[in-house]
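Undergrad: Residues per chain, in single letters:
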Amino acid sequence: MKRSLYVLLSLLVLAGMVLAACGGPAATATEAPAQPEQPAEATKAPEPTAVPPTEAPPEPKTLTVASGTDIENMNIHLVTSSPSFSVLEHIYQPLFSMSEEGVLEPLLAESLNSAAEGVYEVKLRQGISFTDGTPFNAEAVKANLDWMLNADNKAPFRGTLLGKVTEVTVLDEYTVQIKTDGPFAPLPAHLSHGAVAMVSPKALEQGVDFLAENAVGTGPYVLKSWARDEAVTLERNPDYWGDAPKIDTVVFKVIKEDGARIVEIEAGTIDVAIRVPPAEIPRLQANPDIELVITPGLRTIYIFFNVTEEPFTDVRVRQAVNYAVDKDAIVSSLFSDAALVSSAPFAPPIFGYAAQQPYKRDIEKAKALLAEAGVAPGTKVSMYHPTGRYIQDALVADAVRASLKEIGLEVELKTLEWPQYVPTVRKTKADGNDVQFAMLGWGTPTMDADYALFALFHSTQHPPGFNGAFYSNPEVDALLDEGRSTLDAAKRQAAYKKAIEIIWQDAPWLFLYSEVQVTAIRKGVTGFIVHPDESLIAQFADKE
Amino acid sequence: MTTYILRRLLLAIPVLLGVSFLVFWSIRWVPGDPAIALAGELATPEFVAQVRQEMGLDQPVLVQYGRYLWRAVQGDMGRSVKSSLPVVQEITTRLPKTLTLAATSLLLSALIGIPIGIFSATRRNTWFDGGSMTFALIGVSMPIFWLGLMLMILFAVLIPKWFELPGPLLPPTGTGTWQHLVMPSIALAANSMAIQARMTRACMLEVLRQDYIRTARAKGQVERLVVYRHALRNALLPIVTIVGLQFGTLMGGAVLTETVFAWPGIGRLLVDAIGFRDYPVIQATVLVIALGFVLTNLVVDILYAYLDPRIRYN
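Going down the list, the sequences are from chains A and B.
So the first sequence is numbered by the working numbering: it starts at 1 and just counts up by one.
So the second sequence is numbered by the working numbering: it starts at 1001 and just counts up by one.
Careful, some of the hints might be misleading.
As the list claims (entries may be wrong) - Derived PhoX-like pairs: lysine-lysine, alpha-carbon spacing no greater than 25 Å straight-line:
#1 A:Lys154 <-> A:Lys179
#2 B:Lys1161 <-> A:Lys543
#3 A:Lys164 <-> A:Lys179
#4 A:Lys179 <-> A:Lys123
#5 B:Lys1161 <-> A:Lys523
#6 A:Lys380 <-> A:Lys405
Simulated from the structure, these hints should not be mistaken for lab results.
Chain A on its own, in the form it takes in the complex (with noise of 0.2 Å):
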């Protein structure tokens, strides 16, 4: 009689298998050898060159490292997301890098002039190879910053990197020019962003297909294997023209849920958790394996106020809103002290920076101002704001709701989803945007104040820009176009300081916080470097 039931139970199981021989052989191609964190596999691998047996061979490192979703795909021009740049950084280096500190530096570039207005050129490092052999030149970076430009291969990043962008020239075989529609001072921290990487001229030729899954760099790590979902390996680049990497392996384990990644660090099976959730910092505090570290974030999320549209159209009712909300408490309570209350429209990271005197929450300033614009207690306004895009966003919107009540403003919550959410408060007043006031969060990747601030307050960003306040000052307009125009540092810092001063009296949103990168790592790991941009760079870590 039970004879049926394991028939069935069998025949089940014959058809997953079945199932599973087909899926087999499209699955090897990238995944098969990927499980290095498994011990038996370290065993299991071959070493890479006969050492005399007196001599013990040095036991190879791997280094994992949890992050919470995968790569989208292997084609740095077209990816999107932090995992995605923080593994393929290994891989592919751009001209210059910035440093954690914010510092710019050249990497595959030797250095940028300006020759004219609107003219750079720029002098490469020589004797680089990309892994397939073909050497680095300037030829290399044409294709590159030609391929990126055109239309066609629908880079996302073209716009806000490249868009000034008009022509690429080589001048020799290791000098470039770069020339842009007026002068352009962030040039080089723009092309310090991973999405203009350099990769192999050969492997572009090959088109976006090989593109996706191949990944031809000359950084100091190949591509091993990738399993999709589940890991991303890399190897040791042998021929890496810079200092040899400790590591010998790194895994980018992809591991969406927070409580599992906590698991994993707490049992020792990977050696990096990122994203560590506020409620769980006391508890890995107390484990003497684990070290939390703290990075500043790029990201800032802010409260854009309509300035066209009442009752936001008077400077003392924007005022009144930042005194009344409680910026600290919202940072202690719902981010367990894991986000800094912003002093500036940007994250300190960032090249020029400049700390404002935040407005400290004071209820009967924020009514007095209140009352001296007119605006009558009981006033119904609407806020939009997303769900589950920031940490604790919609949480976030809830208590600035709490905070204006208790200021006489009654305020509406219009929750979105994220993917409607952007289109929403982008539409142009002729599409019909009814935004009073909206969240947003906004990283500046390239870690400079042009980033920060041209395309939030410039008035020529009004929507379908990201100038959703319809700001607009020429005073400020005129020092954004200015810091724009030299590469002179210490003029922008000067500049960029003056339109902050202006921006947080004007008080054109409602400033809230920065976000904080809090990062889990093993004790005898060292060197590890999180970014301010949340690219995770293991090139200079090691491991006891």
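For this one, chain A is given, so just place chain B on it according to the hints.
TA: Using the frame of chain A, we list chain B on its own:
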């Protein structure tokens, strides 16, 4: 029988067509635009419009569906918007993982759930019955998410600590070895095990009350034979139905387990795709899950005939 199976397989075609059209049509009603997802948050409206046109999203839904079908019958399910890789490849790398997990869980739940149900029915109102049914109640109501994390903490952190083991007893997440399969399949099986136990018990009790069972006992048949030969076979029909349905559910519903244990299966693929409005992946994944349901139901129907000779298909 062969004609019957062939006919059923042919009937699956309209079902799959219906499912594919419903999915195709309904995801286009969900707000959110894959063109924006692809073009990036920072893209200009002109660029978004260009992307939309290139993706064919500016065409009427029926035209889009026609094109989709035409390509699908040629084995081309399109490319993922998110990864720009062929959808067929995206699914074939993940489907075996989901099937392995679903099949193991089903095996586990049936091997434990059904015997528990039988024993509870034959030992009705004893401590075993009470205990196992309470256990089953807990199993039904336990959230997979929570159970998964608890198992993980127990096997990877607490047990190694108590017994001073050098490493975790079981790897908390990932795939690759049979050890990786243990915790996810327990977590996934808990719920269906409980349902099967309760279902088996109810069916067995129903059958054991029948006259022919009394007759069998009256003629002096050994109790073991009464239970297993006469009662169980008749009670199995609804149980097999449930088990079959559960396999389909496990395939699509393993998403929570897959998320907790970082198991790269199609449940997670589907959920990620929905968040990204990745139309081609959503369409193909739902179709695969629907196909899974159709096939398991076919297997169940065939088993009916085997279990109950009175059922014949013509």
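Undergrad: Taking 25 Å as the top limit, are the C-alpha atoms of Lys1161 of chain B and Lys523 of chain A close enough?
TA: Holds: Lys1161 of chain B and Lys523 of chain A sit about 17 Å apart, inside 25 Å.
Undergrad: Take the C-alpha atoms of Lys164 of chain A and Lys179 of chain A, compute the straight-line distance between them, and say whether it is at most 25 Å.
TA: holds (8 Å)
Undergrad: Between the alpha carbons of Lys154 of chain A and Lys179 of chain A, is the straight-line distance 25 Å or under?
TA: Since the Cα atoms of Lys154 of chain A and Lys179 of chain A sit roughly 21 Å apart, the hinted pair holds (cutoff 25 Å).
Undergrad: Is the Cα-Cα distance between Lys1161 of chain B and Lys543 of chain A 25 Å or less?
TA: holds (23 Å)
Undergrad: Are the Cα positions of Lys179 of chain A and Lys123 of chain A separated by 25 Å at most?
TA: holds (15 Å)
Undergrad: Below or equal to 25 Å on CA atoms is what counts here, so check Lys380 of chain A against Lys405 of chain A.
TA: Judged against 25 Å, a Cα distance of about 10 Å means the pair holds.
When held up to the earlier numbered hints, the structure conflicts with none and fits them all.
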